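Mind docking chain B on chain A? Use the hints.
Protein chains: 2
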Amino acid sequence: MSTEERVLKRIVPSKSEEERLREVITILKRMLESEIENLGIEAHPLLVGSTSKGTHLKDPEIDMFVCFSPSTSRADLEKYGLMLGDYALNKPERHYAEHPYLSGDFEGFETEIVPCYEVKDPRKKLSAVDRTPFHTAYVKENLKKGQNDEVRLLKRFAKGIGVYGAEAKVQGLSGYLCELLVLKYGTFQKVLKGTSRWRNGYVIELDKKAKKRFREPLVFIDPVDSGRNVASALSLDQMSRLMYRSKSYLDNPKISFFFPREPKKPTKQAVQKKMDARGTDFLAVVVKKPDVVDDILYPQVWKAEKSIRTLCEKYDFTVHDTSAQVVDNEILIFVELNSAELPMVRKHMGPVPWLKNADDFVEKWKGSRKRIAGPYVENGRLFFDLKREYRNAKILLKKEVRTLGLGKNLDEAVSKTFYVLMNEEILSKGHTFPLSKFLQKSV
Amino acid sequence: MSTEERVLKRIVPSKSEEERLREVITILKRMLESEIENLGIEAHPLLVGSTSKGTHLKDPEIDMFVCFSPSTSRADLEKYGLMLGDYALNKPERHYAEHPYLSGDFEGFETEIVPCYEVKDPRKKLSAVDRTPFHTAYVKENLKKGQNDEVRLLKRFAKGIGVYGAEAKVQGLSGYLCELLVLKYGTFQKVLKGTSRWRNGYVIELDKKAKKRFREPLVFIDPVDSGRNVASALSLDQMSRLMYRSKSYLDNPKISFFFPREPKKPTKQAVQKKMDARGTDFLAVVVKKPDVVDDILYPQVWKAEKSIRTLCEKYDFTVHDTSAQVVDNEILIFVELNSAELPMVRKHMGPVPWLKNADDFVEKWKGSRKRIAGPYVENGRLFFDLKREYRNAKILLKKEVRTLGLGKNLDEAVSKTFYVLMNEEILSKGHTFPLSKFLQKSV
Numbered sequence: 003m004s005t006e007e008r009v010l011k012r013i014v015p016s017k018s019e020e021e022r023l024r025e026v027i028t029i030l031k032r033m034l035e036s037e038i039e040n041l042g043i044e045a046h047p048l049l050v051g052s053t054s055k056g057t058h059l060k061d062p063e064i065d066m067f068v069c070f071s072p073s074t075s076r077a078d079l080e081k082y083g084l085m086l087g088d089y090a091l092n093k094p095e096r097h098y099a100e101h102p103y104l105s106g107d108f109e110g111f112e113t114e115i116v117p118c119y120e121v122k123d124p125r126k127k128l129s130a131v132d133r134t135p136f137h138t139a140y141v142k143e144n145l146k147k148g149q150n151d152e153v154r155l156l157k158r159f160a161k162g163i164g165v166y167g168a169e170a171k172v173q174g175l176s177g178y179l180c181e182l183l184v185l186k187y188g189t190f191q192k193v194l195k196g197t198s199r200w201r202n203g204y205v206i207e208l209d210k211k212a213k214k215r216f217r218e219p220l221v222f223i224d225p226v227d228s229g230r231n232v233a234s235a236l237s238l239d240q241m242s243r244l245m246y247r248s249k250s251y252l253d254n255p256k257i258s259f260f261f262p263r264e265p266k267k268p269t270k271q272a273v274q275k276k277m278d279a280r281g282t283d284f285l286a287v288v289v290k291k292p293d294v295v296d297d298i299l300y301p302q303v304w305k306a307e308k309s310i311r312t313l314c315e316k317y318d319f320t321v322h323d324t325s326a327q328v329v330d331n332e333i334l335i336f337v338e339l340n341s342a343e344l345p346m347v348r349k350h351m352g353p354v355p356w357l358k359n360a361d362d363f364v365e366k367w368k369g370s371r372k373r374i375a376g377p378y379v380e381n382g383r384l385f386f387d388l389k390r391e392y393r394n395a396k397i398l399l400k401k402e403v404r405t406l407g408l409g410k411n412l413d414e415a416v417s418k419t420f421y422v423l424m425n426e427e428i429l430s431k432g433h434t435f436p437l438s439k440f441l442q443k444s445v
Numbered sequence: 003m004s005t006e007e008r009v010l011k012r013i014v015p016s017k018s019e020e021e022r023l024r025e026v027i028t029i030l031k032r033m034l035e036s037e038i039e040n041l042g043i044e045a046h047p048l049l050v051g052s053t054s055k056g057t058h059l060k061d062p063e064i065d066m067f068v069c070f071s072p073s074t075s076r077a078d079l080e081k082y083g084l085m086l087g088d089y090a091l092n093k094p095e096r097h098y099a100e101h102p103y104l105s106g107d108f109e110g111f112e113t114e115i116v117p118c119y120e121v122k123d124p125r126k127k128l129s130a131v132d133r134t135p136f137h138t139a140y141v142k143e144n145l146k147k148g149q150n151d152e153v154r155l156l157k158r159f160a161k162g163i164g165v166y167g168a169e170a171k172v173q174g175l176s177g178y179l180c181e182l183l184v185l186k187y188g189t190f191q192k193v194l195k196g197t198s199r200w201r202n203g204y205v206i207e208l209d210k211k212a213k214k215r216f217r218e219p220l221v222f223i224d225p226v227d228s229g230r231n232v233a234s235a236l237s238l239d240q241m242s243r244l245m246y247r248s249k250s251y252l253d254n255p256k257i258s259f260f261f262p263r264e265p266k267k268p269t270k271q272a273v274q275k276k277m278d279a280r281g282t283d284f285l286a287v288v289v290k291k292p293d294v295v296d297d298i299l300y301p302q303v304w305k306a307e308k309s310i311r312t313l314c315e316k317y318d319f320t321v322h323d324t325s326a327q328v329v330d331n332e333i334l335i336f337v338e339l340n341s342a343e344l345p346m347v348r349k350h351m352g353p354v355p356w357l358k359n360a361d362d363f364v365e366k367w368k369g370s371r372k373r374i375a376g377p378y379v380e381n382g383r384l385f386f387d388l389k390r391e392y393r394n395a396k397i398l399l400k401k402e403v404r405t406l407g408l409g410k411n412l413d414e415a416v417s418k419t420f421y422v423l424m425n426e427e428i429l430s431k432g433h434t435f436p437l438s439k440f441l442q443k444s445v
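Those sequence lines, one after another, are chains A and B.
If you're matching positions, the first sequence starts at 3 in the working numbering and goes up one per residue.
If you're matching positions, the second sequence starts at 3 in the working numbering and goes up one per residue.
Just so you know, not all the hints are guaranteed correct.
Just so you know, same-sequence chains aren't split out, so a pair can sit in one copy or run between any two.
To be verified - Listed below are the simulated DSSO-like cross-link pairs for lysine-lysine, each with C-alpha atoms no more than 30 Å apart in a straight line:
#1 K443 / K256
#2 K431 / K270
#3 K267 / K389
#4 K372 / K266
#5 K275 / K439
#6 K210 / K142
#7 K147 / K17
#8 K275 / K349
#9 K249 / K186
#10 K372 / K142
#11 K349 / K431
None of these hints come from the bench; they were simulated from the model.
Computed from a predicted structure; not experimentally measured.
Isolated chain A (complex conformation) (with noise of 0.2 Å):
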């Protein structure tokens, strides 16, 4: 048996399975009829998302839209959206996208019950979720007999590599961008093959071209509405791990990339080890997390990096890497400098001197309780050798990560409070597992 065939033995629902899958959503689409007549609304239920189109892997999510015509206010459109959901579900959770909807269990699935505007052209769609139907419509009518299983590989595939998923937290592939490359491609090997033609800025379309230019670094250009790029979350860094675990799979094809072991957790000495071999320092800022929803969490906790980033090499710090994680309640965000003391003089580069400002220079600095030595003239230009206001970054990030813009969530949270820990106190205070995720650096 190919590695394949036993994969899709773990991942397609049993005969049982399915049956069932279909049965609960008969039941909830006659549910949600009954009740859309009781309350006297002109709506109907639609099934979406990959069970619609047969693309769901084992225990999936029923994602159930609720139609409503046009005419009706947004107003109740959220209204009855609601209600719909409350009566339905067990324990219902609310989540906002750009309206609200509920989430929750339906006789032993978890399912969500969106509300929608049925809409004639997905370009004239009246709310966000309006292309959905569109989507899954087109999807449904183009993925010939046994796609559907190619698909599934595909998503299992991202999901092992760790590409699955277009929320901020992955920046991966969305389940029907995967469709789409199977649409594309015609079969799950054939779609790995095709990323080695894949390029920064590489464009693919099906029926529909491009109707603008985009920036992403993969173009998927949407078939139900060409000014749509399906693949815009996809990061530049997913993309390549893609394309590199691609050919690797191609090469040398295991069932581990599909279902990859989870990492064990090390030895505190284990990872002192790694450290210590390696000669850097580790700073870890530690925040507490802000009680949000991941999508609106994981972009203030990249910008967060990055800025953290930014603050160490505008210090002259020099960073090997950074790293964010979401642990528990906290936010862990790591950095590894070639060397966590800088020494106490830095230079400090002036204009050229025969312009006016070089006087001013000059003036600043001379008498500066800052000057260690200077004015000299190197390549030309005017340096004063000064003392450098953070030596040590452990300080630096202490006194400064408060100023820095982090997204709103992140800057409340880190007024109120946070920590930084250096090399073994992050061990010390239980971060030995994140830290080895951090030294694990695969593609």
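For chain B alone, kept in the frame of chain A given last:
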């Protein structure tokens, strides 16, 4: 008495000194003329240089040319030139420019006797020195009464701030350039004011327009040969120094510009304290001085300084500053580094993952014993974390200095022996004073 009047008192030869100089020059000329007659050759002595133009300081050198007819063979020119020098000078020393000549003592004056061809047009010169008589004539014709003292002030000023001399060691102003600057601007003070208009690439002309484009920081078209830049030796840093110090002098004229106090030899403790305050690491590459003249030596010394800086940078050390000094019979090349130690790990960047050579890159390093981590992706490129070849700058220099091209004589010298000192070793090996000069940075 103004600063400049006080300076002139110290630098202009007294009446009796001047009378004695003229007497000696007359004797020398007569001796040469009679010996030329004895030898039966067609030639005549010609006083050139500062004493011929009245722009000399105290204890001047006498520059006596012997002009031969262009029909003289090069061999005869050299033979008779040397014979005449030998005849006139005490303890003659042989020098090699384009052709050999002698210098030595004549009646208590340092004297050069240099053979040249008497050509009609300086651009049709037969030997490198044939232009000099034209320079002399030009200055004598054009220098107005009293301007010779302005030249003397400028020369002494340039000497005081360390920019006098066109030789490789100094890369500053020649005596002839000082004379032309006074011809251009009128007086010493006006030359200093004039420098404020200079820029990198600034061109100065007298009665002749530039015949071509020059690339040097300052261009002064030779009035006797418009294809030549009289300021070609002036480096950008020396030009910047002259400009900066000119302005400082005009703001606050002090005699110390002309006669700076020699810095005192500091104690080891004082220098160590300065080093500690900077917090950097100091290295000194020490090479035995090859037995060659300064104009052969210094270009190699500057080249070595630059090569050693580049070597340190190539291996990721952050160079704060470098300096090269020739002290007694040794060449010292100082390097100040942010740190002489780097972490074991270094980042090694590879291609983007979609290039063919990405495979080779991964293949090359994946199994290498230098590999610490990777491959991983950053900003769309592949990376490995590898073991650094040199973590320690002292070891780097010890192992790699011999592989650099430092110039013929320095390459020979380091191939025999050289050593590398670090921090307090520099002091304990007796290089306290040169190191303190390196630390004493000023424009």
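Checked hints:
| no. | hint | verdict |
| --- | --- | --- |
| 1 | K443 / K256 | within (20 Å within a copy, 63 Å between copies) |
| 2 | K431 / K270 | within (11 Å within a copy, 45 Å between copies) |
| 3 | K267 / K389 | between (43 Å within a copy, 25 Å between copies) |
| 4 | K372 / K266 | between (50 Å within a copy, 25 Å between copies) |
| 5 | K275 / K439 | within (14 Å within a copy, 44 Å between copies) |
| 6 | K210 / K142 | within (17 Å within a copy, 85 Å between copies) |
| 7 | K147 / K17 | within (17 Å within a copy, 114 Å between copies) |
| 8 | K275 / K349 | between (35 Å within a copy, 19 Å between copies) |
| 9 | K249 / K186 | within (18 Å within a copy, 72 Å between copies) |
| 10 | K372 / K142 | neither (70 Å within a copy, 51 Å between copies) |
| 11 | K349 / K431 | between (37 Å within a copy, 28 Å between copies) |
Hint 10 from the earlier list is the only one contradicted by this structure; the remaining hints agree with it.
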